[in-house]
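One-letter residues, chain by chain:
There are 2 protein chains.
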Amino acid sequence: METVTTLEELRIARQKLREPVGLVPTMGFLHQGHLSLVQHARSECPAVAVSIFVNPTQFGPHEDLDAYPRDLEKDLIMLEDAGVDLVWTPTPEIMYPKGFQTWVQVDKVSKPLEGTRRPGHFRGVVTVVAKLFNAVLPQRAYFGQKDAQQVVVIRQMVRDLNFHLKVVVCPLIREEDGLAMSSRNSYLDSEQRQAAPVLFRALNTAKEVYKAGERQAEKLRKVMIAEIEAEPLVKLQYVSVAHPDTLDELDQVDRDALFSMAVYLGSTRLIDNFLLREGEWQTGQKISDAKV
Amino acid sequence: METVTTLEELRIARQKLREPVGLVPTMGFLHQGHLSLVQHARSECPAVAVSIFVNPTQFGPHEDLDAYPRDLEKDLIMLEDAGVDLVWTPTPEIMYPKGFQTWVQVDKVSKPLEGTRRPGHFRGVVTVVAKLFNAVLPQRAYFGQKDAQQVVVIRQMVRDLNFHLKVVVCPLIREEDGLAMSSRNSYLDSEQRQAAPVLFRALNTAKEVYKAGERQAEKLRKVMIAEIEAEPLVKLQYVSVAHPDTLDELDQVDRDALFSMAVYLGSTRLIDNFLLREGEWQTGQKISDAKV
Numbered sequence: 095m096e097t098v099t100t101l102e103e104l105r106i107a108r109q110k111l112r113e114p115v116g117l118v119p120t121m122g123f124l125h126q127g128h129l130s131l132v133q134h135a136r137s138e139c140p141a142v143a144v145s146i147f148v149n150p151t152q153f154g155p156h157e158d159l160d161a162y163p164r165d166l167e168k169d170l171i172m173l174e175d176a177g178v179d180l181v182w183t184p185t186p187e188i189m190y191p192k193g194f195q196t197w198v199q200v201d202k203v204s205k206p207l208e209g210t211r212r213p214g215h216f217r218g219v220v221t222v223v224a225k226l227f228n229a230v231l232p233q234r235a236y237f238g239q240k241d242a243q244q245v246v247v248i249r250q251m252v253r254d255l256n257f258h259l260k261v262v263v264c265p266l267i268r269e270e271d272g273l274a275m276s277s278r279n280s281y282l283d284s285e286q287r288q289a290a291p292v293l294f295r296a297l298n299t300a301k302e303v304y305k306a307g308e309r310q311a312e313k314l315r316k317v318m319i320a321e322i323e324a325e326p327l328v329k330l331q332y333v334s335v336a337h338p339d340t341l342d343e344l345d346q347v348d349r350d351a352l353f354s355m356a357v358y359l360g361s362t363r364l365i366d367n368f369l370l371r372e373g374e375w376q377t378g379q380k381i382s383d384a385k386v
Numbered sequence: 095m096e097t098v099t100t101l102e103e104l105r106i107a108r109q110k111l112r113e114p115v116g117l118v119p120t121m122g123f124l125h126q127g128h129l130s131l132v133q134h135a136r137s138e139c140p141a142v143a144v145s146i147f148v149n150p151t152q153f154g155p156h157e158d159l160d161a162y163p164r165d166l167e168k169d170l171i172m173l174e175d176a177g178v179d180l181v182w183t184p185t186p187e188i189m190y191p192k193g194f195q196t197w198v199q200v201d202k203v204s205k206p207l208e209g210t211r212r213p214g215h216f217r218g219v220v221t222v223v224a225k226l227f228n229a230v231l232p233q234r235a236y237f238g239q240k241d242a243q244q245v246v247v248i249r250q251m252v253r254d255l256n257f258h259l260k261v262v263v264c265p266l267i268r269e270e271d272g273l274a275m276s277s278r279n280s281y282l283d284s285e286q287r288q289a290a291p292v293l294f295r296a297l298n299t300a301k302e303v304y305k306a307g308e309r310q311a312e313k314l315r316k317v318m319i320a321e322i323e324a325e326p327l328v329k330l331q332y333v334s335v336a337h338p339d340t341l342d343e344l345d346q347v348d349r350d351a352l353f354s355m356a357v358y359l360g361s362t363r364l365i366d367n368f369l370l371r372e373g374e375w376q377t378g379q380k381i382s383d384a385k386v
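So the protein lines, in turn, are chains A and B. The first sequence: position 202 = 296 (our numbering), numbered continuously. The second sequence: position 248 = 342 (our numbering), numbered continuously.
Among the hints, erroneous ones may be present.
[Unchecked claim] Just some of the chain B residues that point at chain A, by a computed CB distance under 10 Å:
(1) L101
(2) D160
(3) Y162
(4) M189
(5) Y190
(6) K202
(7) N228
(8) A229
(9) Q250
FYI, nobody ran anything at the bench for these hints, they're computed from the structure. Where is the CB? At the ideal position from N, CA and C, for every residue including glycine.
Isolated chain A (complex conformation) (with noise of 0.2 Å):
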């Protein structure tokens, strides 16, 4: 495995890749979900690219930051493991140069749900995210389903801007509770750790109300409202039950939608989503039935 950090380093290795190439975009600490990310690109890819980069441009001024876990001699244990053929670990000044003042922007998309909360997010995301489709040149590139919008918004930008490539979208990794795996949750203390998988019940009764027949998003929307004001440790920020594709809130949900929340817990705040997709559902996987 090789461990790079400016662009003509990068440049340099990238060359000597076996194609296609597989590219996993990793904000470091890695857990179990950023594995299966790199097992996926493994399993179908000849060479497996890692970027490691806290982004700072997708970070709000009242975000976290600064207090972002960090961990990159575990990181690169972890994904030589893993079989990882490249990381790349570019610093700020590399990614953001002085004088930098370039955006990629999507419209639509970006606008509801973790956009409408967190302003400019997307417009972080997706400029990186194009900077690292150009610097690697990948022909895969895996996300999780972890962050849906983030998907809806990365392939949208693929498909708008022509990238050459194909976005794969890897199942949510679950941890034995229910909890979704995220570096997040290291902020938790126990007693929120313990209140967390309230975000996994909320959906999951969703989905029961779902496949007892009620097809009124505004009920369901209400369940899973029921479900989390019910843990006085969770403080709601959304529901939405919306198309999974252009992202507009259902009236009526048939055979696609995508269930999604945000909660804090305390000061930490944590999102999760199942997908309704031609009517068969999509939860994720818990670590011990994923193989990672």
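Fit chain B to the supplied structure of chain A, relying on the hints for placement.
Same frame as chain A, now just chain B:
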């Protein structure tokens, strides 16, 4: 020479090209200025690709999109004669399919000069150029110094978004009487056409005054304004003496400055510029001197 329309056709044709590939992006209605770009590309690259696309998103709502001159048949003959390997002629529906919503924007250097007078113009330019780069994946891309600010904006985008290609800027090509070649010159009636070299004369006067020792930018702007205003058919929009990289207006001119202007001749908008770079003047080439 192969001519393709769809993105899929382009990608197949692109794979057959020898590298490095030189790309010349155009809006068609080709003239000697475009041909000089092709010739530069031809001299440096084993394969030359040309795109012809009148990009709607770089035209303002009251600009000349519908009237913009087109002659694809003649363009293709000229490009075949010039030894081009691949021509891409996408339709607006291919470049901007239903649901298109992603924009690339360069902030600071897009704002002054043309940016002030043509809001949204450079957003349209860099978005389509990013799409062309991603679709064609050229190693070199050729632009004319005629559109001086466009060159600055595109270079900034290439740097900021990590596009792996070299932007090659070629001299402005002039008619024998000094008028900068432009597809829009075809709008001029014969009286307007006779008046049009006033831009070149004004720039030349500023150059002579500089050579005589004048270093105050405001004085240099004034000599250009005086020359333009002496021509009754011409309505001045702006003159500028700016730093050639930041496009900040200068107080004092040292060894680097972009002298530029925009005027109306009737409803036709014309631009022109001289570039002073490290004390050397780049004023363009007359057709008879250019090797095209």
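Going down the list of hints, with the structure as the test:
no.: 1; hint: L101; result: 7 Å, holds
no.: 2; hint: D160; result: 24 Å, violated
no.: 3; hint: Y162; result: 23 Å, violated
no.: 4; hint: M189; result: 9 Å, holds
no.: 5; hint: Y190; result: 8 Å, holds
no.: 6; hint: K202; result: 5 Å, holds
no.: 7; hint: N228; result: 4 Å, holds
no.: 8; hint: A229; result: 4 Å, holds
no.: 9; hint: Q250; result: 6 Å, holds
Hint violations for this structure: numbers 2, 3, all remaining hints satisfied.
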